[in-house]
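Chains as they are written, first to last, in our numbering: chain F, 1 to 252; chain P, 1 to 252; chain Y, 1 to 252; chain E, 1 to 252.
Just so you know, the hints here were simulated from the structure itself, not pulled from any lab data.
Hints should not be assumed to be uniformly reliable.
Just so you know, same-sequence chains aren't split out, so a pair can sit in one copy or run between any two.
[Stated by the list, open to error] Once the Cα atoms are required to be at most 16 angstroms apart in a straight line, the calculated EDC-like pairs of lysine to aspartate or glutamate come out as:
| hint | residue 1 | residue 2 |
| --- | --- | --- |
| 1 | Lys207 | Glu119 |
| 2 | Lys205 | Glu66 |
| 3 | Lys207 | Asp100 |
| 4 | Lys215 | Asp133 |
| 5 | Lys205 | Glu120 |
Number of protein chains: 4
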Amino acid sequence: MQTAGKFDMNNSLRDSLERLAQSCRILEMEGHGDMTLGHLSLRDPEGRGFWMKRNRVGLGEIVGTEDFVLVDMDGNKVAGSGGRHSEWPIHSEIYRLRPDINAVAHTHAEFSSIFSASEEALLPYTLDADYFDAVPRHLDEVALINTKPEGLALATSLGTHYAVLMAYHGVTFCGTSIEHMTCVGVFLEKACKVHITAASAGLSKPKLSSDIRKKRNAQIMLPSHIDQSWNYFCRKLAWMREAHRGDSRLFR
Amino acid sequence: MQTAGKFDMNNSLRDSLERLAQSCRILEMEGHGDMTLGHLSLRDPEGRGFWMKRNRVGLGEIVGTEDFVLVDMDGNKVAGSGGRHSEWPIHSEIYRLRPDINAVAHTHAEFSSIFSASEEALLPYTLDADYFDAVPRHLDEVALINTKPEGLALATSLGTHYAVLMAYHGVTFCGTSIEHMTCVGVFLEKACKVHITAASAGLSKPKLSSDIRKKRNAQIMLPSHIDQSWNYFCRKLAWMREAHRGDSRLFR
Amino acid sequence: MQTAGKFDMNNSLRDSLERLAQSCRILEMEGHGDMTLGHLSLRDPEGRGFWMKRNRVGLGEIVGTEDFVLVDMDGNKVAGSGGRHSEWPIHSEIYRLRPDINAVAHTHAEFSSIFSASEEALLPYTLDADYFDAVPRHLDEVALINTKPEGLALATSLGTHYAVLMAYHGVTFCGTSIEHMTCVGVFLEKACKVHITAASAGLSKPKLSSDIRKKRNAQIMLPSHIDQSWNYFCRKLAWMREAHRGDSRLFR
Amino acid sequence: MQTAGKFDMNNSLRDSLERLAQSCRILEMEGHGDMTLGHLSLRDPEGRGFWMKRNRVGLGEIVGTEDFVLVDMDGNKVAGSGGRHSEWPIHSEIYRLRPDINAVAHTHAEFSSIFSASEEALLPYTLDADYFDAVPRHLDEVALINTKPEGLALATSLGTHYAVLMAYHGVTFCGTSIEHMTCVGVFLEKACKVHITAASAGLSKPKLSSDIRKKRNAQIMLPSHIDQSWNYFCRKLAWMREAHRGDSRLFR
Numbered sequence: 001m002q003t004a005g006k007f008d009m010n011n012s013l014r015d016s017l018e019r020l021a022q023s024c025r026i027l028e029m030e031g032h033g034d035m036t037l038g039h040l041s042l043r044d045p046e047g048r049g050f051w052m053k054r055n056r057v058g059l060g061e062i063v064g065t066e067d068f069v070l071v072d073m074d075g076n077k078v079a080g081s082g083g084r085h086s087e088w089p090i091h092s093e094i095y096r097l098r099p100d101i102n103a104v105a106h107t108h109a110e111f112s113s114i115f116s117a118s119e120e121a122l123l124p125y126t127l128d129a130d131y132f133d134a135v136p137r138h139l140d141e142v143a144l145i146n147t148k149p150e151g152l153a154l155a156t157s158l159g160t161h162y163a164v165l166m167a168y169h170g171v172t173f174c175g176t177s178i179e180h181m182t183c184v185g186v187f188l189e190k191a192c193k194v195h196i197t198a199a200s201a202g203l204s205k206p207k208l209s210s211d212i213r214k215k216r217n218a219q220i221m222l223p224s225h226i227d228q229s230w231n232y233f234c235r236k237l238a239w240m241r242e243a244h245r246g247d248s249r250l251f252r
Numbered sequence: 001m002q003t004a005g006k007f008d009m010n011n012s013l014r015d016s017l018e019r020l021a022q023s024c025r026i027l028e029m030e031g032h033g034d035m036t037l038g039h040l041s042l043r044d045p046e047g048r049g050f051w052m053k054r055n056r057v058g059l060g061e062i063v064g065t066e067d068f069v070l071v072d073m074d075g076n077k078v079a080g081s082g083g084r085h086s087e088w089p090i091h092s093e094i095y096r097l098r099p100d101i102n103a104v105a106h107t108h109a110e111f112s113s114i115f116s117a118s119e120e121a122l123l124p125y126t127l128d129a130d131y132f133d134a135v136p137r138h139l140d141e142v143a144l145i146n147t148k149p150e151g152l153a154l155a156t157s158l159g160t161h162y163a164v165l166m167a168y169h170g171v172t173f174c175g176t177s178i179e180h181m182t183c184v185g186v187f188l189e190k191a192c193k194v195h196i197t198a199a200s201a202g203l204s205k206p207k208l209s210s211d212i213r214k215k216r217n218a219q220i221m222l223p224s225h226i227d228q229s230w231n232y233f234c235r236k237l238a239w240m241r242e243a244h245r246g247d248s249r250l251f252r
Numbered sequence: 001m002q003t004a005g006k007f008d009m010n011n012s013l014r015d016s017l018e019r020l021a022q023s024c025r026i027l028e029m030e031g032h033g034d035m036t037l038g039h040l041s042l043r044d045p046e047g048r049g050f051w052m053k054r055n056r057v058g059l060g061e062i063v064g065t066e067d068f069v070l071v072d073m074d075g076n077k078v079a080g081s082g083g084r085h086s087e088w089p090i091h092s093e094i095y096r097l098r099p100d101i102n103a104v105a106h107t108h109a110e111f112s113s114i115f116s117a118s119e120e121a122l123l124p125y126t127l128d129a130d131y132f133d134a135v136p137r138h139l140d141e142v143a144l145i146n147t148k149p150e151g152l153a154l155a156t157s158l159g160t161h162y163a164v165l166m167a168y169h170g171v172t173f174c175g176t177s178i179e180h181m182t183c184v185g186v187f188l189e190k191a192c193k194v195h196i197t198a199a200s201a202g203l204s205k206p207k208l209s210s211d212i213r214k215k216r217n218a219q220i221m222l223p224s225h226i227d228q229s230w231n232y233f234c235r236k237l238a239w240m241r242e243a244h245r246g247d248s249r250l251f252r
Numbered sequence: 001m002q003t004a005g006k007f008d009m010n011n012s013l014r015d016s017l018e019r020l021a022q023s024c025r026i027l028e029m030e031g032h033g034d035m036t037l038g039h040l041s042l043r044d045p046e047g048r049g050f051w052m053k054r055n056r057v058g059l060g061e062i063v064g065t066e067d068f069v070l071v072d073m074d075g076n077k078v079a080g081s082g083g084r085h086s087e088w089p090i091h092s093e094i095y096r097l098r099p100d101i102n103a104v105a106h107t108h109a110e111f112s113s114i115f116s117a118s119e120e121a122l123l124p125y126t127l128d129a130d131y132f133d134a135v136p137r138h139l140d141e142v143a144l145i146n147t148k149p150e151g152l153a154l155a156t157s158l159g160t161h162y163a164v165l166m167a168y169h170g171v172t173f174c175g176t177s178i179e180h181m182t183c184v185g186v187f188l189e190k191a192c193k194v195h196i197t198a199a200s201a202g203l204s205k206p207k208l209s210s211d212i213r214k215k216r217n218a219q220i221m222l223p224s225h226i227d228q229s230w231n232y233f234c235r236k237l238a239w240m241r242e243a244h245r246g247d248s249r250l251f252r
């Protein structure tokens, strides 16, 4: 593995990685943090692989470009000074199978992780589940996904969707942009929390036709809604930082 | 649609809109916030339509008069510089059918939204459900309510009540005053949370007669209780602002 | 009703009422607050009735001696400048029937209020329920308890216990001292939360013999434990105040 | 019992006790606090017994070396100025039976304590339960464990594991180091919370083979993971302190 030193980074990439760092902190704020576990990545615009969050720090501790390492499609670190998470094949194999995807995340979001154990579908008790057409479930006899075949199997389970539940483990989600991936993650976690709360109370299962679910999805999963939600999360992150005196690493 | 510039606003209207802004922040504080979604309105005292929260910002970000736009009964924006939410027909049609109503809100309050999926009635596990005589449920094959017929159907489901659950979506509530509407929203969210918690624990269903429910309602849903609760929420909002250093937009 | 002006108060009474104010804030901190509802009282050491929290403010807003009014056993306010809660008969009738009791509280603590709907006993899933030998349940066709016969019925349901659940409404608890009453309230709320959580998860019901429950109670419901817990709550209240900048009324 | 005065403490022991104090505050932060109840200890490196948290203060109030007392294997306090918890036999008997163990804790962590009532095993709904191979349950007709035979019975139930549920009471956990013990406690509480949430929602029980559970455990319960998690908790404690102005005793 090549040790990476100072790396030439143009302004566009620098800007993207700063937004990816913001995405890490937003996901921490919205319930995706689990100690130092979980990682996000951005497809390298120059085709060298993907920029992945360094290991040994939590999502909420990610500050900027220095917190990412460039990993090639075979898992070699080719730039950046941090450590590489062992689960890099989650990212490489999704980028390989899905040319439309530019950002990938794997987290142990609290309710999504619990819901990963469910053998039933995620139901539309509220609109949150309608941000997705459906969410597949990956059931494999592994814990960490740290080989290419395991990553390929997960990417295959993902199929053409934007999120896949990893049974008894967590969730992987992705998007055409950093903003899209972030919203998919946040909305999925909300939908799983809603489903778990509704199921706990024994509420009867929603009886929505496939047509109405498609209409609901078409009305809400719009680029303008992604933009407005992303901007909202960025402002909320700033309030949190102010409320916590600006000294806290968690919401910097 | 007429672009609205500087608009002449008398002191009484200015004061009302400042209380409506306070209502937005109180509802955010009490669990009604959902990113930039949800909106409140006040019937225009001069009969020009209603003043509605502008779009693209969250309930907790609403600061004052500049955050509202005047919308006529056909959905045209006639004053104010912000954007108009597409669900304006919720407001116009309730004002049309209910001359007693002066304030309307639609939110995705967490527990009310989940409870909207319930096919059973809201039960009086505690006094909170007795602030209402009953809460109807609107079951329609739509997602957003952005046409007059859809708004009319919702207003018809509301009937003579102050709140209506929108199945698999959220809740709409209203009142004779801003203070009344705010308390209806807060009390409903509390009652739904209580019902969901009690049902999760499998507690047996309350066996209260219709007469005792009427007596309970008559003892607690009083103008003086609305006043005292509103004043309490205003003071609580101020504590929150102080506790968060006054810089936070969330509880300003 | 006699309007009360400046009232002569000796140092001992002043000190007691300051501890009663602290009890109000501790109970707010530990989940007993419900807007401006709920009230605490201390038996007047000179036999004139009881000192009761004034109305229109929340438990967390109670600061000191000026927040209490002296109410006689017939409900007349004989000292203090605040308003009197209408549910004074809860207090008068318990003091009348129970000479051992010096402090009484009625609150809508979240989990205790929900658990008041339970037709089954509070079970010892953890030690918290063992702070009580048992908790009776008052089932009456009333909402507010604002007449002497209603207060007497509640006091009769309480019997020789320190807490009584008020079905579909809330809880009343009491003690030989302010500290004892406070701990009873906090421990009961913890036990009800534990019971509701355990029952929601479908855990099997505890199989503890009556003898072992008595032993558990004898080991933990000791004066020294009350003292240590009260002192802990007072310190916790001070941390909260510091953490919230000392300006907040909530944890002053 | 010998009253302990100034005690000679070398730098290594001083450093260990400071990390033990940090462990107390981390456990408070992660849900193990219950007023002044619960205690941690470190095996004395010179064979004189164990250093145990003093009584009458909460886990979050433990600041440094002055908050520990040296207790010998018969329960005599031989150094330190604080009081000794009555449940010292939990510690002495585990150290006696388990030479590999250097740190022991007993707490009333919220979800672990509730889960102690479960007659079913802790299930791997997520990876959290895989940090353990299994968790035994101690079912004894006692409340406090304050005699040697009771401590021995608990240590026997613990067997070769790192955690044991104490039915209807709480949990005891231990480790080869302070860091190990801390992580066992935090991970167990997470796993119990996950199990309770999943069971409440009625999710089907995980169907993982014994082999895959062993593989999952081998992949995640590594010394490097303990180190990274401990370091993360220490940083999180520092953010909390900053966010709460540094004045709060709770997160100092």
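Violations among the numbered hints, reported as their numbers in ascending order = 2, 3
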